[in-house]
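Make a model of the complete structure from these sequences and hints.
Those protein sequence lines, which keep their order, are chains A and B.
Quick note on numbering that gives the first Met the number 0: the first sequence kicks off at 0 and runs consecutively.
Quick note on numbering that gives the first Met the number 0: the second sequence kicks off at 0 and runs consecutively.
Keep in mind the hints are simulated off the structure, nothing from the lab.
Please read these numbers as outputs of a predicted model, since none were measured by experiment.
Mixed in with the good hints, there may be bad ones.
Copies of the same chain look alike in the list, so a pair counts if it fits in one copy or across any two.
Claimed, not checked - With a straight-line cut-off of 30 Å between C-alpha atoms, the simulated DSSO-like cross-links for lysine-lysine are:
id: 1; residue 1: Lys-89; residue 2: Lys-339
id: 2; residue 1: Lys-188; residue 2: Lys-152
id: 3; residue 1: Lys-2; residue 2: Lys-97
id: 4; residue 1: Lys-272; residue 2: Lys-97
id: 5; residue 1: Lys-33; residue 2: Lys-89
id: 6; residue 1: Lys-152; residue 2: Lys-345
id: 7; residue 1: Lys-154; residue 2: Lys-33
id: 8; residue 1: Lys-272; residue 2: Lys-176
id: 9; residue 1: Lys-188; residue 2: Lys-272
id: 10; residue 1: Lys-411; residue 2: Lys-339
id: 11; residue 1: Lys-33; residue 2: Lys-339
id: 12; residue 1: Lys-339; residue 2: Lys-122
id: 13; residue 1: Lys-219; residue 2: Lys-202
id: 14; residue 1: Lys-122; residue 2: Lys-145
id: 15; residue 1: Lys-154; residue 2: Lys-188
id: 16; residue 1: Lys-152; residue 2: Lys-2
Protein chains: 2
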Amino acid sequence: MSKRQVINIGLLGLGTVGSGTLQIIQNNHDEIYKKTGTQIRITKALVRDLSRARSVSHEGVELTTDPAAVLNDPDIDIIVEVMGGTTLAKDFITTALKNGKYVVTANKDLMAQHGVELLNIAKQCQRNIYYEASVGGGIPLIRPLKHCLAGNKIKSVMGIINGTTNYILTQMTNEAKDFAEALAEAQAKGFAEQDPSSDVEGKDAAFKLAILASLAFNSKVNIADIYTESITEISVRDIMYAEELGFVIKLLAIGEESNTGLSLRVHPTLVPKDHPLASVQNEFNALYVEGDAVGEVMFYGRGAGALPTGSAIVADIIEVVRNINHEIENGIIETTFPEKPIVPMKDRISRFYVRMKAKDEPGVFGSVATAFGEEQISLDMILQNRRDYNVAEIVLVTHDVSEERFYRALDKIEKLGSIRNLSNVMRVLERG
Amino acid sequence: MSKRQVINIGLLGLGTVGSGTLQIIQNNHDEIYKKTGTQIRITKALVRDLSRARSVSHEGVELTTDPAAVLNDPDIDIIVEVMGGTTLAKDFITTALKNGKYVVTANKDLMAQHGVELLNIAKQCQRNIYYEASVGGGIPLIRPLKHCLAGNKIKSVMGIINGTTNYILTQMTNEAKDFAEALAEAQAKGFAEQDPSSDVEGKDAAFKLAILASLAFNSKVNIADIYTESITEISVRDIMYAEELGFVIKLLAIGEESNTGLSLRVHPTLVPKDHPLASVQNEFNALYVEGDAVGEVMFYGRGAGALPTGSAIVADIIEVVRNINHEIENGIIETTFPEKPIVPMKDRISRFYVRMKAKDEPGVFGSVATAFGEEQISLDMILQNRRDYNVAEIVLVTHDVSEERFYRALDKIEKLGSIRNLSNVMRVLERG
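Dropping the structure here:
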């Protein structure tokens, strides 16, 4: 074994995450050297605009607008892709691998959509792609799933893996703000984009779930197989009722494996207050994993930001340095994924929360209960204690029922003359 | 690279954890094979009594009472030490390393007291020791500290790393049981030993902290440098007052690095209710880590038990298999530890909780406040709302103060004629 004195890194992109990575390598250079025995240096960075002012010192780093100057540099062993997007980034990573370089990326969209393809290219090139930073910022998630829990059959992963929506829901819960107000505040604080649709509609979480589920269940996962629901319909009334019933509302990304296949979904969920996920507040993320041996484990921390995400990238870089020093090309085998069957949403079983407005007259609740009863759905919790202008608000939580049967009952209920409207429907998580 | 078809393992010990390990390797053999490309087999197990009935099928495993039969077997590459104790285990591990075998151990006492010595022997033998299972059962802690957070300067680690005491404190908190009753229940449920002293006095947590702190701060840590306090003095009254002030009481193991050195301690602590550690209940464990890049992260799960601990051992075995297949002898460098200075307890700064009984007469509180004032200690919270038979109970929480100054003030207060007794004193954790 011949340990390398110096290993050079080329950055693709020098935005928030690229700057964070550079800053960590500058600040903690000595500690990293002690752990690896190798000097790690970022020597080049691909940028769009050479003249732009940078928030971090890039002394010693050659900035360039020419991708080939980084990708073809024979002195560079590791390419760190932090530019985002899927078209150019995919091309650049492919070129880097074919040029014999190792790749570290924070690109969740790319890994969720083209991960298996890129990992296969890496394998052909006897190189590897590391993507700890693509999910959950600095929280170790990929490495624990790949390595620490490698002896387990994973039964389920459940996560709060979108900080924007968790911030919004926390503000709605703790400060009784409505959705629009909480969103505006999240935007003002930089936790939400000006166009928040990818976050609030659950798409960002679905991309991350695709990556986590493929590792947890050793299956190729297609984004199209992930059912998603947005948080925009949640009102402060729902949050208040949930509280009364012993729950907090969270946007959960859930992957489960059963005998019939995988169930993959992102939707608002009533989480029991004493569940570890219930206390994950504001911009924090957490992933709750159940394995057949380990039982329940949870990983918690900051899911975004320059330094947290940079922390994950630097961990990946250090692993690559180890691999280069030991002349390993690949780690745990993760590209031999079959594609496991997907359980259709209609067969999913859970408890449901329903809030509806009804005429405040005798027999209304009876007709609702009868409709549920006809589908063999029994009720777990019932609240009917608020009335305005002759309209009663009924809130109930069912026992376990399949989506198909539940929605069939709900159709009937919606057609009852005494029901004004179904205000909201959400799924309820079992106690941890 | 020539991948090995089969790798054989020898177990030292076939008790709870050994059986759990065997069971996982039997149940998840195929998944592990898919991930590693190698068949993993436990071929021999050292036991004390060949005739004892076993809870797990050990077909294909040769049981022996002769250590040499396992340690000198040329077909065995990995020795898994799950026998406990420090004398024989240390000898056996040393022999195994000298025989060219990799070692996986769950032995916290051994690693806390002789870890650096054994890791150095491993290095000389171009082998390595893996000890994920020695702390926190199945929760990934060692690997995250060594690898996932390797780019960070760790500022602090704070953990609930003893399940027995957390179970007792949770029962005292949620069910208002007193210490003796909660301990008896923990013993009945198998969460506490018949002699619970190592757990309730904080020694078990101190051993685990020694292992975690040495990795977090890259320093050799001596058990004798860890300050410990027991939980036996905590009464339901303390828990009730803490609740009223917004805290829950937890036994925390804390390691911090500052400019002046390391501070290492295990003591009951008032934890703010909204801190992520506050919601860790019953036998669950959690480690809260603060890094300069990653910010706050927490790892949560079951800290003990056959299968959780087995899960950590199997993860270590899989890493060894990877290393054998890739002909790596060592991982991250962890034996070049200097011994960092220890900050004396008297210089530690924190808030303090004090509960005392005083004569219910005018001027008492004034004299207490004056004693604190003379040492420039200001008070953050005060409760004085319970009286029995002319005795007032005063509870207060100070602002930040050094241990030295705090205890000087407390000495004065104890001598005041109006103070009956100081019922309890505990440290208070800052908000997360």
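Hints and how they fare:
no.	hint	verdict
1	Lys-89 to Lys-339	within (25 Å within a copy, 46 Å between copies)
2	Lys-188 to Lys-152	between (40 Å within a copy, 27 Å between copies)
3	Lys-2 to Lys-97	both (23 Å within a copy, 24 Å between copies)
4	Lys-272 to Lys-97	neither (50 Å within a copy, 52 Å between copies)
5	Lys-33 to Lys-89	between (34 Å within a copy, 28 Å between copies)
6	Lys-152 to Lys-345	within (25 Å within a copy, 48 Å between copies)
7	Lys-154 to Lys-33	between (38 Å within a copy, 18 Å between copies)
8	Lys-272 to Lys-176	both (20 Å within a copy, 22 Å between copies)
9	Lys-188 to Lys-272	both (27 Å within a copy, 25 Å between copies)
10	Lys-411 to Lys-339	neither (35 Å within a copy, 71 Å between copies)
11	Lys-33 to Lys-339	between (43 Å within a copy, 15 Å between copies)
12	Lys-339 to Lys-122	within (22 Å within a copy, 43 Å between copies)
13	Lys-219 to Lys-202	within (18 Å within a copy, 46 Å between copies)
14	Lys-122 to Lys-145	both (17 Å within a copy, 26 Å between copies)
15	Lys-154 to Lys-188	between (37 Å within a copy, 26 Å between copies)
16	Lys-152 to Lys-2	between (36 Å within a copy, 24 Å between copies)
Hints 4, 10, counting from the list given before, are not met by this structure.
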